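Trainee: Next come the chains, spelled out residue by residue.
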Amino acid sequence: MGALIKRELRALKLGNDNNPALYGFFVIGIPVIMWLLGPEFTGFYDAEGFKTSMSVVGMVLVMQIVSYSLEREEANRQMTFLQTLPVKKSQIVSAKFISVLSLSGITIVWINLVIILTMFISEHRMEESGLLLSFFSSLIIFIEASTLLTYFFKGSRGNFIIGIISIFIWGGFHGLSGLFLKSMGMEPGIEVFAVYMSLSLAIYLICWGLSVRRVTKKGFPLNKEHKTDQMKRSGGGAK
Amino acid sequence: MNNHDERTLLEVNGLTKSYLDFQLRDVNIQVPAGTIMGFLGRNGAGKSTMMKAIMDLIKRDEGDIRVLGMSMPEEEVAVKEQVGYVGDTPLLNNAWTMERTLSFARHFYPNWDQEAVDRNLERFQVPFDKKISELSKGMKVKASLILAMAHQPKLLLLDEPTSGLDPVVRTEVLELLLDFVQDESRGVLFSSHITSDVEKIADWVTVINDGEILFSEDKESLLDRYRRIVIPGNGGGKAVETPLLFNCQSTMGGYVGYTDRFDRFQKVASGKWRSERLTLEELFVLLTGRKGE
Numbered sequence: 001m002g003a004l005i006k007r008e009l010r011a012l013k014l015g016n017d018n019n020p021a022l023y024g025f026f027v028i029g030i031p032v033i034m035w036l037l038g039p040e041f042t043g044f045y046d047a048e049g050f051k052t053s054m055s056v057v058g059m060v061l062v063m064q065i066v067s068y069s070l071e072r073e074e075a076n077r078q079m080t081f082l083q084t085l086p087v088k089k090s091q092i093v094s095a096k097f098i099s100v101l102s103l104s105g106i107t108i109v110w111i112n113l114v115i116i117l118t119m120f121i122s123e124h125r126m127e128e129s130g131l132l133l134s135f136f137s138s139l140i141i142f143i144e145a146s147t148l149l150t151y152f153f154k155g156s157r158g159n160f161i162i163g164i165i166s167i168f169i170w171g172g173f174h175g176l177s178g179l180f181l182k183s184m185g186m187e188p189g190i191e192v193f194a195v196y197m198s199l200s201l202a203i204y205l206i207c208w209g210l211s212v213r214r215v216t217k218k219g220f221p222l223n224k225e226h227k228t229d230q231m232k233r234s235g236g237g238a239k
Numbered sequence: 001m002n003n004h005d006e007r008t009l010l011e012v013n014g015l016t017k018s019y020l021d022f023q024l025r026d027v028n029i030q031v032p033a034g035t036i037m038g039f040l041g042r043n044g045a046g047k048s049t050m051m052k053a054i055m056d057l058i059k060r061d062e063g064d065i066r067v068l069g070m071s072m073p074e075e076e077v078a079v080k081e082q083v084g085y086v087g088d089t090p091l092l093n094n095a096w097t098m099e100r101t102l103s104f105a106r107h108f109y110p111n112w113d114q115e116a117v118d119r120n121l122e123r124f125q126v127p128f129d130k131k132i133s134e135l136s137k138g139m140k141v142k143a144s145l146i147l148a149m150a151h152q153p154k155l156l157l158l159d160e161p162t163s164g165l166d167p168v169v170r171t172e173v174l175e176l177l178l179d180f181v182q183d184e185s186r187g188v189l190f191s192s193h194i195t196s197d198v199e200k201i202a203d204w205v206t207v208i209n210d211g212e213i214l215f216s217e218d219k220e221s222l223l224d225r226y227r228r229i230v231i232p233g234n235g236g237g238k239a240v241e242t243p244l245l246f247n248c249q250s251t252m253g254g255y256v257g258y259t260d261r262f263d264r265f266q267k268v269a270s271g272k273w274r275s276e277r278l279t280l281e282e283l284f285v286l287l288t289g290r291k292g293e
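Chain order of the listed sequences is V and A.
Under the numbering used here, the letters of the first sequence match residues 1 to 239, in that order.
Under the numbering used here, the letters of the second sequence match residues 1 to 293, in that order.
No lab work stands behind these hints: they were computed from the structure.
Quick caveat: nothing in here was measured; it's all calculated off a predicted structure.
Some clues are possibly wrong.
Restricting the straight-line Cα-Cα distance to at most 25 Å, the calculated cross-link-like pairs of lysine-lysine (BS3-like) are [claimed, not checked]:
1. V:K217 to V:K88
2. A:K154 to V:K88
3. A:K200 to V:K88
4. A:K154 to V:K6
5. A:K59 to V:K13
6. V:K88 to V:K182
7. A:K131 to V:K6
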């Protein structure tokens with residue numbers, strides 16, 4: 001299992017063979033630059049714009065990395081390769097879910113750190129940031145849950161579109177729940193962050209369980225090459 | 001391991017798998033230890049489907065699969081420790097080197113034999129540090145074979161490994177398989193539509209056509225059993241009426257037919273006739289062509 005997870009992390013560019021300078025730049029460099037420039041540097045960034053753009057950058061980064069990794073894996077028939085090894089199918093699925101959750105977690109921590117640090121350094125108030133951070137953090141988990149669920153049911157095709165649809169679903173849910181809270185005369189606080197994160201994590205775990213169940217019962221979805229083989233067969237071949 | 005014959009590496013009973021336009025029907029085969037079984041069939045006959053079903057890469061509809069007495073997929077981890085599989089398309093990650101592929105795969109096998117890996121890498125001159133995408137098709141097949149054999153499996157499942165390779169590489173691959181079964185406890189199931197490869201190395205031949213096994217038999221007894229019977233002159237008309245002959249045709253010099261019970265034919269046939277031994281390719285064309293007629 002350890003080797004499988006390590007492999008997945010490397011596929012998601014979190015392995016030790018990737019350039020540490022790049023990660024150093026993202027984790028330390030960006031906050032330092034932001035601090036040097038200040039969030040209101042030449043009026044380009046106001047505090048809200050900065051927070052939103054950092055969150056969007058983090059979200060798109062995770063979506064792109066996962067989507068690209070899944071497509072590349074399918075092109076190389078790596079799910080088939082892994083199934084030839086003496087491991088349970090459930091372990092293959094779990095390694096994927098654990099590694100994507102790790103990537104999402106690291107990105108969420110990164111987004112939050114960058115924003116909190118920048119706000120702190122620039123002496124901005126953090127109170128208003130809670131809802132935005134909880135939205136994007138839980139959204140990242142929700143997107144990846146639906147992307148992986150689709151991947152283990154239908155394959156990698158269209159997984160970026162699934163990500164976009166997930167944004168609208170989670171955004172709609174978030175908006176409605178925010179309106180509900182306001183109608184109750186409540187202001188979202190740290191507990192809202194906890195609720196959204198717990199909910200998205202619960203959805204992630206459910207998708208994980210469903211994927212394990214599906215793959216154990218029916219196998220991995222046919223990749224493009226298998227489908228082409230089938231089409232060739234039905235179009236002639238032995239008949 | 002109940003009722004398992006120690007000499008049987010693979011038993012497939014009643015395997016069925018249906019797709020929209022294709023069905024693998026009631027497949028039954030056995031691969032004994034110490035043998036290479038050639039699994040012949042035309043493109044799309046169901047060879048790859050059966051191989052994938054054995055490895056549980058696709059889910060079967062019905063049937064029972066046992067490897068070394070262990071049931072698939074219930075004991076898939078233990079089974080896959082004893083099986084090496086090479087797919088119809090190499091399953092190696094194009095972005096990885098052979099070194100990375102091997103160092104990843106070795107984590108999963110308690111029987112990993114690094115000496116054998118090094119020996120085979122040298123024997124086949126497979127570059128260790130080049131990306132798989134930079135290797136030729138022949139090299140990829142050789143690399144896949146080295147990987148499949150690295151954990152000293154008891155059973156090798158090879159799905160058209162020699163397809164599309166040049167004759168030199170094909171010969172190298174076939175020699176490797178012959179070396180592999182020098183240890184009598186091992187066996188190979190080797191699917192192909194290249195009959196000459198199967199004829200060269202297989203002890204046992206199984207032919208599949210349109211999802212059904214036509215026969216599974218020892219190669220020598222198969223080639224003994226089937227004969228082309230040539231009856232010269234015009235008097236052969238009566239002789240070809242025997243039910244022991246099929247596909248009878250009149251030719252310029254007489255009649256030609258085929259028998260699948262040559263020993264019986266010899267006893268009952270009268271008049272002038274002569275028999276010709278068929279090559280595996282002729283037999284394959286005869287039987288798979290005959291079925292479709």
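Trainee: Please flag the earlier hints that this structure goes against, numbers listed from lowest up.
Mentor: Of the numbered hints, 3, 4, 5, 6 do not hold.
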